[in-house]
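**Student:** The task is simple: from the sequences and hints, build the whole structure.
Protein chains: 2
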Amino acid sequence: MSLDRLIEKIVKTGNPSVVGLDPKIEDIPKYILDNAIAQYGETLEAAGAALFEFNKGLIDAIYDIVPAVKPQCAYYEMYGWQGVKALYDTIAYAKSKGMFVITDGKRNDIGSTMEAYSNAHLGTIKVGSTEFAPFGGDALTVNGYLGSDGIKPLLKACDEKDCGIFVLVKTSNPSSGELQDQKMGDKTLYNVMGDMCEKWGEMLPIGKYGYSAVGAVVGATYPAQLDELRKTLTKTFFLVPGYGAQGGGAADVVGAFDKNGLGAIINSSRGVMYAYKKAGMDERDYAVAARNEAIRMRDDITAHIKNR
Amino acid sequence: MSLDRLIEKIVKTGNPSVVGLDPKIEDIPKYILDNAIAQYGETLEAAGAALFEFNKGLIDAIYDIVPAVKPQCAYYEMYGWQGVKALYDTIAYAKSKGMFVITDGKRNDIGSTMEAYSNAHLGTIKVGSTEFAPFGGDALTVNGYLGSDGIKPLLKACDEKDCGIFVLVKTSNPSSGELQDQKMGDKTLYNVMGDMCEKWGEMLPIGKYGYSAVGAVVGATYPAQLDELRKTLTKTFFLVPGYGAQGGGAADVVGAFDKNGLGAIINSSRGVMYAYKKAGMDERDYAVAARNEAIRMRDDITAHIKNR
Chain A
62 MSLDRLIEKI
72 VKTGNPSVVG
82 LDPKIEDIPK
92 YILDNAIAQY
102 GETLEAAGAA
112 LFEFNKGLID
122 AIYDIVPAVK
132 PQCAYYEMYG
142 WQGVKALYDT
152 IAYAKSKGMF
162 VITDGKRNDI
172 GSTMEAYSNA
182 HLGTIKVGST
192 EFAPFGGDAL
202 TVNGYLGSDG
212 IKPLLKACDE
222 KDCGIFVLVK
232 TSNPSSGELQ
242 DQKMGDKTLY
252 NVMGDMCEKW
262 GEMLPIGKYG
272 YSAVGAVVGA
282 TYPAQLDELR
292 KTLTKTFFLV
302 PGYGAQGGGA
312 ADVVGAFDKN
322 GLGAIINSSR
332 GVMYAYKKAG
342 MDERDYAVAA
352 RNEAIRMRDD
362 ITAHIKNR
Chain B
62 MSLDRLIEKI
72 VKTGNPSVVG
82 LDPKIEDIPK
92 YILDNAIAQY
102 GETLEAAGAA
112 LFEFNKGLID
122 AIYDIVPAVK
132 PQCAYYEMYG
142 WQGVKALYDT
152 IAYAKSKGMF
162 VITDGKRNDI
172 GSTMEAYSNA
182 HLGTIKVGST
192 EFAPFGGDAL
202 TVNGYLGSDG
212 IKPLLKACDE
222 KDCGIFVLVK
232 TSNPSSGELQ
242 DQKMGDKTLY
252 NVMGDMCEKW
262 GEMLPIGKYG
272 YSAVGAVVGA
282 TYPAQLDELR
292 KTLTKTFFLV
302 PGYGAQGGGA
312 ADVVGAFDKN
322 GLGAIINSSR
332 GVMYAYKKAG
342 MDERDYAVAA
352 RNEAIRMRDD
362 ITAHIKNR
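Residue numbers (my numbering), protein chains in the order written: chain A, 62 to 369; chain B, 62 to 369.
These are calculated hints, taken from the structure and not from any lab test. Please note that the accuracy of each hint is not assured.
The list treats identical chains as interchangeable, and a pair is accepted whether it falls inside one copy or across any two copies.
As the list claims (entries may be wrong) - Straight-line distance between alpha carbons at most 35 Å, and here's what the computed DSBU-like set of lysine-lysine pairs gives:
hint	residue 1	residue 2
1	K338	K213
2	K156	K73
3	K339	K187
4	K213	K73
5	K70	K213
**Tutor:** Rendered as structure tokens:
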């Protein structure tokens, strides 16, 4: 289908932003880890329990004003399968609160393997006659280096489960240009990848806001490219990382939005998760600080969209 | 460091092949899943237990004649965190039998996130003062679309933990050419990526067989490119998928090897895992069939190397 389910939540909350959930146990409030260690000892179970507890507090604090969360798989895998259980619990909890979940895995592989990833993150599988959604996300970030074979199994899931994908186009990191900015014929690699997103998106019905199920990841740290891509990729919704800790501001991301103020969702992870540190607040108030920062970010971005 | 630990196991076994562990519960012997369901019910725990039981049988059957296994993360994630636990158990078991483990995750992200993936799959993390290797693989496959930022944290792990990485260069799937074969200046994208592998590899000491810690994934299904890349990438060891079920044969992969018969390891997954089906053997003899096929594959490849 399309990304309409996400866009409708953005419209409803009046907030085109997503909070990244990328917790590290060294960075979360110490009392949460201490409690978990008191219960489970110095184990990966304790790490996983602490991640989930921290995320639950964040979700409770923002679910009514933020449309989506984006857990980053790496930070859960870093605590073993016990951490991956916390990823599952986090996704389930965010969905129970009505949030749209973008699983940030940047998965990629050959077709048969992408079918497995698709089942894992967007679809369902059966054990005997009992069906399970192994992770149950609403969208998955993917890497398109392998071409269409690696994308098509996901399109099937998008269609059947009303889900979406976001393909890496122009990433937010400093070295993204080493390959992505190089010319392939008369276009850059990121332009070529962007064009493929449009083409893949057109294989499914376009949603009522004009966007397909195939979004693109375009970094806030490259505002000129964001502007350019918004003009050329008319059916491709953008997931924009790099606001906040990575250096992007509201002025940098305003070009990601269409004339209706839609077309993109801006991610902040560390800026929201650890807002209590920057605000000089007690660690026990981390959720309040996160809500304050989520509101500030929303207002910052929507004001820039309105005033452009 | 380098990939010497892998190469030494290849030399010792006289076998430049790796068995991919990509099990699906529909495809493994039925009695294994039935036993797991009898114990755990129709649950993801049962699926995970069945995967591990199947893998254990394969590892027991091949560990003395095959230097390495390559579990594909997707097939474990497909059964939720319970499946990911089976990935952990499989890696630990293979290592306990002396095998080299290549975790096939094709991970990729910005630097700070790749540090998390690096800790997850190659390194260690601490909970309080207790250290854990969350997954404990010896090498990880990665995707280089984000450039050097996404690779450098892994080089640190390669150096400190004597591990390796394999970067996707020319993949085995039919659509790999859509991007990888396109010209970027006067080179193809896969040539450019290959050159980056050489450069990244040179950032660490080169091993005694002449290869760095940074390998490349080059598909058996593209023999001309395999030949070409072996000639130009002199310090880059190759992981070659696509033998067997994907259509590559020994004649196709012989170009991957250097004059000493080293420089590459050839992967077969389905061909070995499900050899009992092709051989018409009872499903309870799956491990025997896998060993037979592993021996046949070894002899097929080494004969072609000798006779070229």
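**Student:** Hints first: check each against the structure and report whether it holds.
**Tutor:** Structure-based check of each hint:
| no. | hint | result |
| --- | --- | --- |
| 1 | K338 with K213 | between (43 Å within a copy, 28 Å between copies) |
| 2 | K156 with K73 | within (16 Å within a copy, 52 Å between copies) |
| 3 | K339 with K187 | between (46 Å within a copy, 25 Å between copies) |
| 4 | K213 with K73 | within (31 Å within a copy, 41 Å between copies) |
| 5 | K70 with K213 | within (26 Å within a copy, 38 Å between copies) |
Hint compliance for this structure: every hint is met.
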